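Single-letter residue listing:
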Amino acid sequence: MSITVRYFASLRERVGRAEDQLDADGNDTAGGIWARAVPEQAMPDRVLIAINQEYADADHPVRDGDEVAFFPPVTGG
Amino acid sequence: MSVSLHPEPFDPWARLAAHQAQLPAGSFGATAVFVGTMRDFNEGDDVRGMTLEHYPGMTEKHLEGIVAEARSRWPLDDCLIAHRVGPIEPGDPIVLTAVWSAHRKAAFEACRYLMEELKHRAPFWKRETLKDGQVRWVEKNTEG
Numbered sequence: 001m002s003i004t005v006r007y008f009a010s011l012r013e014r015v016g017r018a019e020d021q022l023d024a025d026g027n028d029t030a031g032g033i034w035a036r037a038v039p040e041q042a043m044p045d046r047v048l049i050a051i052n053q054e055y056a057d058a059d060h061p062v063r064d065g066d067e068v069a070f071f072p073p074v075t076g077g
Numbered sequence: 001m002s003v004s005l006h007p008e009p010f011d012p013w014a015r016l017a018a019h020q021a022q023l024p025a026g027s028f029g030a031t032a033v034f035v036g037t038m039r040d041f042n043e044g045d046d047v048r049g050m051t052l053e054h055y056p057g058m059t060e061k062h063l064e065g066i067v068a069e070a071r072s073r074w075p076l077d078d079c080l081i082a083h084r085v086g087p088i089e090p091g092d093p094i095v096l097t098a099v100w101s102a103h104r105k106a107a108f109e110a111c112r113y114l115m116e117e118l119k120h121r122a123p124f125w126k127r128e129t130l131k132d133g134q135v136r137w138v139e140k141n142t143e144g
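So the sequences go chain by chain: H and V. Our numbering puts the first residue of the first sequence at 1, with every later residue one more than the last. Our numbering puts the first residue of the second sequence at 1, with every later residue one more than the last.
Calculated directly from the structure, the hints in this document are not laboratory data. None of the values given here were measured: they were computed from a predicted structure. Among these hints, one or two may not hold up.
[Stated by the list, open to error] Some chain H residues judged to face chain V by a derived CB distance under 8 angstroms, without partners named:
{"id": "1", "residue": "A9"}
{"id": "2", "residue": "A35"}
{"id": "3", "residue": "Q41"}
{"id": "4", "residue": "A69"}
C-beta atoms are modelled at their ideal positions from N, C-alpha and C, and glycine is treated no differently.
Work the whole structure out from these sequences, hints included.
What follows is the structure, encoded as C-alpha cells:
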C-alpha cells in the first residue's frame with residue numbers, strides 16, 4: 001500500500017506531473033503530504049485538497065491507501 | 001435523478017425533453033431549467049476554444065451530492081444535471097440543470113441552488129485558448 005497524490009489543472013502544470021506515489025509514514029497530514037511530495041514548492045494559498053474524493057483541510061490526517069488530490073479553485077458550469 | 005458528463009457535444013433541449021417524458025404525466029407542475037453556453041469572450045478577450053478538465057469519480061460524486069442536498073431542502077419530483085467535459089467551442093452548451101416540482105418557488109430556487117453549488121464545489125477547471133493562440137487557465141468564476 002502507499003499514498004497516491006494527484007494534481008489537477010494549473011497545479012498539475014506547475015508541479016510538472018499528474019501523480020506521485022508516497023510511502024505512508026504513519027503520521028501524515030494532507031499538508032505534510034504536499035511538503036514531502038513537492039518539497040521544492042510551497043503549497044499554494046488557494047489550493048483545494050481532497051482526500052479520497054472528499055474536500056479536506058491541510059491538517060486532515062492521511063492514512064496508508066488514501067488518495068490525496070491538490071487542485072486550484074474550481075471553475076465549472 | 002440523473003447526473004451525466006458528456007465528452008462529446010450534447011443537445012440540452014433534447015436531453016430535457018427525453019428526461020421529462022419519463023416522468024409521470026400530471027405529477028409535477030413546474031420545470032425550471034438553466035442552460036450555460038460557452039461565450040466567445042471572457043475578461044475582455046476574444047476566446048477561440050476551451051477545454052474542461054474534471055476529476056473522474058469525484059466530480060460525479062459531488063454532483064450527486066448536490067442533487068441530494070437540493071432534494072432534502074425542497075420538495076422536488078426530480079433533478080437533472082448534464083455537464084460537458086473535454087474540448088468545447090463557443091456556442092456549445094456546457095451545462096444543463098433542471099428541476100421538476102409541484103410549484104414554481106421550489107423549482108426556481110432548487111435550480112439556482114444546483115448551479116451555484118456546482119460552480120463552487122464540483123471539480124471542473126476551464127482552460128481557454130484565446131484568439132491569438134495564447135492559452136490560460138480560468139482563475140475564478142464570473143459573478144452570478
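Exercise. Against the structure shown, which of the earlier numbered hints fail to hold, in ascending order?
Worked result: 2, 3
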